[in-house]
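Fit chain B to the known structure of chain A by using the hints.
Each chain is listed here by its residues.
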Amino acid sequence: MPAVQETIEQVKAIDVDQYKYGFVTDIESEKGAKGLSEETIRFLSAKKNEPEWMTEWRLDALRRFQQMEEPDWARVSYPKIDFDDLYYWAAPKSVEGPKSLDEVDPELLATYEKLGIPLAEQEMLAGVEPKNRVAVDAVFDSVSVVTTFKEELKKAGVIFCSISEALREYPDLVKKYLGSVVPVTDNYYATLNSAVFSDGSFVYIPEGVRCPMELSTYFRINEQNTGQFERTLIIAEKGSYVSYLEGCTAPQRDENQLHAAVVELVALDDAEIKYSTVQNWFPGDKEGKGGIYNFVTKRGDCRGKNSKISWTQVETGSAITWKYPSCILRGENSRGEFYSIAVSNGYQQVDSGTKMIHLGKNSSSRIISKGISAGRSQNTYRGLVSAHRKASNARNFTQCDSLLIGQDCGAHTVPYIESKNASAQFEHEATTSKISDDQMFYCLQRGLSEEEAVALIVNGFVKDVIQQLPMEFAVEAQKLISISLEGSVG
Amino acid sequence: MLEIKNLHARIAEEETEILRGVNLTVNAGEVHAIMGPNGSGKSTLSYILAGKDDYEVTEGEVLFNGENMLDMDPDERAAAGMFLAFQYPIEIPGVATMEFLKTAMNAQRKARGEDVLSIPDFMKRVKAAASHLNVSMDMLKRPLNVGFSGGEKKRAEILQMSLLEPKLCVLDETDSGLDIDALRIVSEGVNKLRGPERAMVVITHYQRLLDHIVPDVVHVLSKGRIVKSGDKDLALELEKNGYADYVDTAA
Chain A
1 MPAVQETIEQ VKAIDVDQYK YGFVTDIESE KGAKGLSEET IRFLSAKKNE
51 PEWMTEWRLD ALRRFQQMEE PDWARVSYPK IDFDDLYYWA APKSVEGPKS
101 LDEVDPELLA TYEKLGIPLA EQEMLAGVEP KNRVAVDAVF DSVSVVTTFK
151 EELKKAGVIF CSISEALREY PDLVKKYLGS VVPVTDNYYA TLNSAVFSDG
201 SFVYIPEGVR CPMELSTYFR INEQNTGQFE RTLIIAEKGS YVSYLEGCTA
251 PQRDENQLHA AVVELVALDD AEIKYSTVQN WFPGDKEGKG GIYNFVTKRG
301 DCRGKNSKIS WTQVETGSAI TWKYPSCILR GENSRGEFYS IAVSNGYQQV
351 DSGTKMIHLG KNSSSRIISK GISAGRSQNT YRGLVSAHRK ASNARNFTQC
401 DSLLIGQDCG AHTVPYIESK NASAQFEHEA TTSKISDDQM FYCLQRGLSE
451 EEAVALIVNG FVKDVIQQLP MEFAVEAQKL ISISLEGSVG
Chain B
1 MLEIKNLHAR IAEEETEILR GVNLTVNAGE VHAIMGPNGS GKSTLSYILA
51 GKDDYEVTEG EVLFNGENML DMDPDERAAA GMFLAFQYPI EIPGVATMEF
101 LKTAMNAQRK ARGEDVLSIP DFMKRVKAAA SHLNVSMDML KRPLNVGFSG
151 GEKKRAEILQ MSLLEPKLCV LDETDSGLDI DALRIVSEGV NKLRGPERAM
201 VVITHYQRLL DHIVPDVVHV LSKGRIVKSG DKDLALELEK NGYADYVDTA
251 A
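Residue numbers (the working numbering), protein chains in the order written: chain A, 1 to 490; chain B, 1 to 251.
No lab work stands behind these hints: they were computed from the structure. Check the hints yourself; a few may be wrong.
Stated by the list, open to error - Listed below are the simulated BS3-like cross-link pairs for lysine-lysine, each with C-alpha atoms no more than 30 angstroms apart in a straight line: (1) A:Lys463 with B:Lys110; (2) B:Lys124 with A:Lys274; (3) A:Lys47 with A:Lys176; (4) A:Lys305 with A:Lys289; (5) B:Lys153 with B:Lys102; (6) A:Lys434 with B:Lys153; (7) A:Lys274 with A:Lys463; (8) B:Lys110 with B:Lys167; (9) A:Lys289 with A:Lys238; (10) A:Lys479 with B:Lys102; (11) B:Lys141 with A:Lys463; (12) A:Lys434 with A:Lys355; (13) A:Lys479 with B:Lys124; (14) A:Lys434 with B:Lys124; (15) B:Lys232 with B:Lys192; (16) B:Lys124 with A:Lys463; (17) A:Lys463 with B:Lys153; (18) B:Lys141 with A:Lys479; (19) B:Lys110 with A:Lys479; (20) A:Lys434 with B:Lys141; (21) B:Lys167 with B:Lys127; (22) A:Lys175 with A:Lys47; (23) A:Lys463 with B:Lys127; (24) A:Lys463 with B:Lys102; (25) A:Lys434 with B:Lys102; (26) A:Lys150 with A:Lys238.
What the hints assert, rightly or not - Label pairs and their computed distance ranges (CB to CB): (27) B:Glu197 with A:Val24: 57 to 63 angstroms; (28) A:Gln399 with B:Asp54: 46 to 52 angstroms; (29) A:Ser433 with B:Ser149: 39 to 45 angstroms; (30) A:Thr432 with B:Glu61: 40 to 46 angstroms; (31) B:Ser118 with A:Ser423: 52 to 58 angstroms; (32) B:Lys192 with A:Gln399: 21 to 27 angstroms.
Even for Gly, the Cβ is constructed at its ideal location relative to N, Cα and C.
Just chain A, same shape as in the assembly:
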């Protein structure tokens, strides 16, 4: 059997056993009524003590959602989702809104410890202060259970809290920016999210402030038949900077779980937002059963001059991924970046990419996308680069590379390029390659095992993107990619 063939066999044999985060937290939880209705939304909004305008905003979104059709242009197939068979609210009973770390249910703390998420502030503060501290907002099903380092961040003027808390404490800020990047009716799933979003993170960086630590949100879906609809809003005022990380996992369940999030970023003059995601939702078992349906709308608005938004994503999980983190390059000299690694294995379906909408003069963007398909998965890059009439001297460089492992997977690239300004310069490069038997044999001849050889070749393939991740995440991401593709590494 050729070496690559054997590797494929090993890859086929894994998925479920390799998913380390598939455990379920046994915790008493409270759920809202099943189904999508005005009642559900009023219940949800009341649970969160939201202002009246928010409830109305949601109800408006629901009415619009009910008029909409599910889009079918993506290269993914799945049975129709019955939105009336889902719960839209599930929360650990012990939680009555985010409180201090001491009051959090130990069972929940244990869950995050098991996931390797540092929630403890004390340990980190005691003794020598580690260089890279990370503030974490931990979202469990529909609620944020705790946000760390809140006080310390406040001293710098940075607001980092759950969006529910922000709605209560900073309603004017939320009202001003919510839906200003991703309008309520932007797309089917964004509209759904607008109606039923439960929790998520809110970040506000004041003018001229460089956020003193990495901010991070960790999403965990625990409950059965529950959709997670989080909403994240990040605002970077003039001349500010923030680096934000997002991680996600879910238990291993036979049925599919729905995750439809919306993330909005706003960067004003000279501000920079760096947004990194390591997405490791449960991908489904080896027969393709179970796994998360991930329908996410992420968009950044480079609203000010010289502003910059950079998306970096490592996608290894989910049964279905439908996700296009985008940048609207409105400001003069604004810059958008998209670095992506999408790994698919088993029966996973990925349709992901980005949109760079150039509106401002001299705006520039860069897209580096690396897709790796193994098993029987399908991996599609779908991207749009457009220059509008006023976007003189807009520039884009796009590079899309696909790597295939085995015979039964597919890689697809669907780039759309539209230019309405003659001075815009767009470049697009694309490659598709396979790990060849010759490469495998060469590595084995030098003493590498098959796992080591695949890991080495794949790491070489994704290097450009890994370099963009914050240091701690880069190591994690590399490990995650190895685990996603291999039988025994990691």
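Relative to chain A, chain B alone:
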């Protein structure tokens, strides 16, 4: 060190035999050259020794230090000390040559139950070996074999060979694609590695490589069999008269 007994082999799932009863014994400290015309089975022999699974051994055995080598996986053979310098080294995009060297050295060490190398120790070894082969730091930072010239590729092969310290070195047409200067550097690198504990099998079409790497024994492979063995003068005779005599004997 290496004993090949009555080796028969063919390309997997094809009928035609490429090796038709090869017998060869190479002792530690010896350098054997295998010469022969195109299609005589030289490269096939090297791939079979390294364990490439495009080939199927139908008869015979190969012993490496008394152990049945045909039962071992390619990476096990490598860890046991078998090294093949490829005729066409393979490109590994995105993987710096340095990183590849470290991964390979440590993989073999782990397989043998040894500790992995510390970074300073590793760097010291690489720098020493690289300077002998005229391999620059810049080249070590570039992805392995990607965009390398013919000479750079072969020097990188010999660099790996010297760092991995194999017991048995098989060089498959290492002279192909080399100009005179590169040939000299590569040959010097190889000669440095000659020693009483190490055996080498040098596969080549041309005698000129053997001016630089002087063999103890020369074999002529034709139509899948060794048809003549002799000392280094045999190579000179072949250079003069060609393979015609031996091709006929084998037929």
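Now the hints, each set against the structure:
Restraint check for Lys463 of chain A and Lys110 of chain B: satisfied, since their Cα atoms lie roughly 25 angstroms apart, inside the 30 angstroms limit. Note on Lys124 of chain B and Lys274 of chain A: the hinted pairing is violated, with a Cα-Cα distance of about 38 angstroms set against a maximum of 30 angstroms. The hinted pair formed by Lys47 of chain A and Lys176 of chain A meets the criterion: a straight-line CA distance of about 23 angstroms does not exceed 30 angstroms. Taking the CA atoms of Lys305 of chain A and Lys289 of chain A, the gap is about 47 angstroms. The hint is violated against a cut of 30 angstroms.
Between Lys153 of chain B and Lys102 of chain B the CA atoms are separated by roughly 18 angstroms; this keeps the pair inside 30 angstroms, and the hint holds. Annotation: proposed proximity of Lys434 of chain A to Lys153 of chain B holds, straight-line Cα distance about 22 angstroms (limit 30 angstroms). With a CA separation close to 18 angstroms, the supplied pair Lys274 of chain A and Lys463 of chain A stays within the 30 angstroms bound. Distance hint between Lys110 of chain B and Lys167 of chain B is fulfilled; the C-alpha atoms sit about 17 angstroms from each other, no more than 30 angstroms.
A hinted pair counts as satisfied when its Cα atoms are at most 30 angstroms apart, and Lys289 of chain A with Lys238 of chain A does not qualify at roughly 47 angstroms. As the CA atoms of Lys479 of chain A and Lys102 of chain B are separated by approximately 18 angstroms, the hinted pair is consistent with the 30 angstroms bound. For the proposed pair Lys141 of chain B and Lys463 of chain A, the alpha carbon gap of about 14 angstroms is at most 30 angstroms, so the pair holds. Restraint check for Lys434 of chain A and Lys355 of chain A: the C-alpha separation of about 27 angstroms stays at or below 30 angstroms, so the hint holds.
For the given pair, Lys479 of chain A sits about 28 angstroms from Lys124 of chain B by alpha-carbon distance, which is consistent with the 30 angstroms threshold. As the CA atoms of Lys434 of chain A and Lys124 of chain B are separated by approximately 35 angstroms, the hinted pair breaks the 30 angstroms bound. Restraint check for Lys232 of chain B and Lys192 of chain B: the C-alpha separation of about 19 angstroms stays at or below 30 angstroms, so the hint holds. A distance of roughly 26 angstroms separates the Cα atoms of Lys124 of chain B and Lys463 of chain A; the hinted pair therefore holds under the 30 angstroms criterion.
A distance of roughly 22 angstroms separates the Cα atoms of Lys463 of chain A and Lys153 of chain B; the hinted pair therefore holds under the 30 angstroms criterion. Straight-line distance between C-alpha atoms of Lys141 of chain B and Lys479 of chain A comes to about 23 angstroms, which keeps the hinted pair within the 30 angstroms bound. Restraint check for Lys110 of chain B and Lys479 of chain A: the C-alpha separation of about 19 angstroms stays at or below 30 angstroms, so the hint holds. Restraint check: the Cα-Cα separation between Lys434 of chain A and Lys141 of chain B comes to about 23 angstroms, which is no more than 30 angstroms; the hinted pair holds.
With a C-alpha separation of about 22 angstroms, the suggested pairing of Lys167 of chain B with Lys127 of chain B holds against the 30 angstroms cut-off. Restraint check for Lys175 of chain A and Lys47 of chain A: the C-alpha separation of about 19 angstroms stays at or below 30 angstroms, so the hint holds. Proximity of Lys463 of chain A to Lys127 of chain B is assessed by CA-CA distance (about 25 angstroms); at most 30 angstroms being required, the pair is judged to hold. At most 30 angstroms may separate the alpha-carbon atoms for a hinted pair to count; Lys463 of chain A and Lys102 of chain B meet this at roughly 17 angstroms.
Only pairs whose Cα atoms come within 30 angstroms are accepted, and Lys434 of chain A paired with Lys102 of chain B is accepted, the gap being roughly 24 angstroms. Distance restraint check for Lys150 of chain A and Lys238 of chain A: the Cα-Cα separation of roughly 22 angstroms lies within the 30 angstroms cut-off, and the hinted pair is therefore satisfied. The supplied range of 57 to 63 angstroms is met by Glu197 of chain B and Val24 of chain A, whose beta-carbon atoms lie about 58 angstroms from each other. Evaluation of the 46 to 52 angstroms hint for Gln399 of chain A and Asp54 of chain B yields a failure: the beta carbon distance comes to about 33 angstroms.
Between Ser433 of chain A and Ser149 of chain B the Cβ separation comes to about 22 angstroms, which falls outside the hinted range of 39 to 45 angstroms. One distance hint, 40 to 46 angstroms for the beta-carbon pair Thr432 of chain A and Glu61 of chain B, holds here, with the actual separation near 42 angstroms. The hint said 52 to 58 angstroms for the Cβ distance between Ser118 of chain B and Ser423 of chain A, and at roughly 54 angstroms that hint holds. Checking the proposed 21 to 27 angstroms range against Lys192 of chain B and Gln399 of chain A shows it is violated: the Cβ atoms sit about 42 angstroms from each other.
When each numbered hint is compared with the structure, violations occur for hints 2, 4, 9, 14, 28, 29 and 32.
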